Amino acid sequence: GGYGDPEAWVRTVVYRIRISRWRRAKTGLTAYRRHGAAPDTPELSVDYVAIVSALKKIPAAQRRAIVLFYLMGLSVEEISRETGVAAGTVKSQLSRARTRLATLLTESPDYHGNPLAFAREASSHA
1 GGYGDPEAWV RTVVYRIRIS RWRRAKTGLT AYRRHGAAPD TPELSVDYVA
51 IVSALKKIPA AQRRAIVLFY LMGLSVEEIS RETGVAAGTV KSQLSRARTR
101 LATLLTESPD YHGNPLAFAR EASSHA
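Those letters in the sequence shown? Residues 1 to 126, per UniProt numbering, in order.
A portion of the hints provided could be inaccurate.
[Stated by the list, open to error] Derived lysine to any residue pairs resembling SDA-like cross-links, with alpha carbons at most 25 Å apart:
hint, residue 1, residue 2
1, Lys-57, Ile-17
2, Lys-56, Pro-6
3, Lys-91, Val-13
4, Lys-57, Gly-73
5, Lys-26, Thr-12
6, Lys-91, Ala-102
7, Lys-56, Glu-7
8, Lys-56, Ala-102
9, Lys-57, Pro-6
10, Lys-26, Ala-86
11, Lys-57, Leu-71
12, Lys-26, Asp-5
13, Lys-57, Arg-98
14, Lys-91, Ile-17
15, Lys-91, Ser-53
16, Lys-91, Ala-31
17, Lys-57, Asp-5
18, Lys-57, Glu-7
Don't read these hints as lab results, they were simulated from the structure.
Computed from a predicted model, the values in this text were never measured in an experiment.
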């Protein structure tokens, strides 16, 4: 007992696991930039590196909304329940995050001008 809504608890655990994986990927990216690829390590795609870099540059609340919506497949209403933020605020966070990511990704010389592919690319590496 004590968990209230078991489904919400599971989503919270999954969200935290995803964040931990993202942080590990970020640490790996930093090491990769400093030292190059380790022997027998597959290279990170240019798109993946651009996406991780862009996600690091947006506010945490927007990043969380993007992760929950695109990577975990939650609806706006589910994100609202999970985070305790009004659905309208979640929509606003998603909109602002998409706009900012589109700007960051199209400014990136490595990203080939396809700003909305970040969700597909990010979810394929999750």
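Quick rundown of the hints versus the structure:
Proximity of Lys-57 to Ile-17 is assessed by CA-CA distance (about 21 Å); at most 25 Å being required, the pair is judged to hold. At most 25 Å may separate the alpha-carbon atoms for a hinted pair to count; Lys-56 and Pro-6 exceed this at roughly 30 Å. Proposed proximity of Lys-91 and Val-13 is supported: the alpha carbons are some 23 Å apart, at most 25 Å. For the hint pairing Lys-57 with Gly-73, the CA-to-CA distance comes to about 22 Å; that is within 25 Å, so the pair holds.
Restraint check for Lys-26 and Thr-12: the C-alpha separation of about 21 Å stays at or below 25 Å, so the hint holds. Under the criterion of a C-alpha separation no larger than 25 Å, the hint pairing Lys-91 with Ala-102 is consistent with the structure, at around 16 Å. As the CA atoms of Lys-56 and Glu-7 are separated by approximately 28 Å, the hinted pair breaks the 25 Å bound. Among the hinted pairs, Lys-56 with Ala-102 is consistent with the structure: their alpha-carbon atoms are about 14 Å apart, no more than 25 Å.
A C-alpha spacing of about 33 Å is found between Lys-57 and Pro-6, which places the hinted pair above 25 Å, so the restraint is violated. The hinted pair formed by Lys-26 and Ala-86 fails the criterion: a straight-line CA distance of about 30 Å is larger than 25 Å. Restraint check for Lys-57 and Leu-71: the C-alpha separation of about 18 Å stays at or below 25 Å, so the hint holds. For a cut-off of 25 Å, the pair hint linking Lys-26 to Asp-5 is broken: about 31 Å separates their Cα positions.
The suggested pairing of Lys-57 with Arg-98 holds, with an alpha-carbon distance near 12 Å, which does not exceed 25 Å. For the suggested pair Lys-91 and Ile-17, the alpha carbons sit about 24 Å apart, so the restraint of at most 25 Å is met. Taking the CA atoms of Lys-91 and Ser-53, the gap is near 23 Å; set against the 25 Å cutoff, the hint holds. Proposed proximity of Lys-91 and Ala-31 is contradicted: the alpha carbons are some 35 Å apart, above 25 Å.
For the hint pairing Lys-57 with Asp-5, the CA-to-CA distance comes to about 33 Å; that exceeds 25 Å, so the pair is violated. Note on Lys-57 and Glu-7: the hinted pairing is violated, with a Cα-Cα distance of about 30 Å set against a maximum of 25 Å.
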